[in-house]
Amino acid sequence: MVECAVSRGDMTVGFLRHRLPGKRNGKARAVLDWVDRGSDSLLETLARTYFRQAGISVQTQFYLARVGYVDLLLDGWLVVELDGRHHAEWNQVQKDHRRNNESVVQGYTALRYYYSDVVYHPDAMVAQVLAVLARRARSSASG
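This note's numbering applies: residue 180 is where the sequence shown begins, and numbers increase by one.
Simulated from the structure, these hints should not be mistaken for laboratory data.
Since this is a predicted model, take the numbers as computed values, not measurements.
Beta carbons are placed, not taken as given, at the ideal position from N, Cα and C, and that holds for glycine.
Any given hint could turn out to be false.
As the list claims (entries may be wrong) - Here are the computed distance ranges between Cβ atoms for each label pair:
| hint | residue 1 | residue 2 | range |
| --- | --- | --- | --- |
| 1 | Gln240 | Asn270 | 20 to 26 Å |
| 2 | Phe194 | Leu309 | 34 to 40 Å |
| 3 | Asp275 | Phe194 | 17 to 23 Å |
Whenever a hint applies, use it, and build me the whole structure from the sequences.
The structure is reproduced here in structure tokens:
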């Protein structure tokens, strides 16, 4: 809710931080450090938070030429797209596949996750992402 209000311009992180003085509000102030105006949806906010908590560098709404904006870019090379219901429509599926293909042609790796992955199985999602990131780290170290 905080991120949505900040993104809409209804309030600022500074305003909220000022309204949360004292030791009792330390946890609430810590939450403000996670606010990122780049997320396009609650699903992106959740996924981004899980990835950052796992120590992964995350860029939101990252622009790739000939692809457009991708939901998340992890460690500068792993594209993560988060799909809601509208991605089940055939025209959108085709568009998504073309975008994935173009990102791979450009040297990125792309993973797609759905609402249920992010909301109900975030540990499995993060584990998969960490496995992909580790695989690249291993191949870079041996190369």
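Hints versus structure:
| no. | hint | result |
| --- | --- | --- |
| 1 | Gln240 <-> Asn270: 20 to 26 Å | holds, 22 Å |
| 2 | Phe194 <-> Leu309: 34 to 40 Å | holds, 36 Å |
| 3 | Asp275 <-> Phe194: 17 to 23 Å | violated, 38 Å |
The structure shown violates just one earlier hint, number 3.
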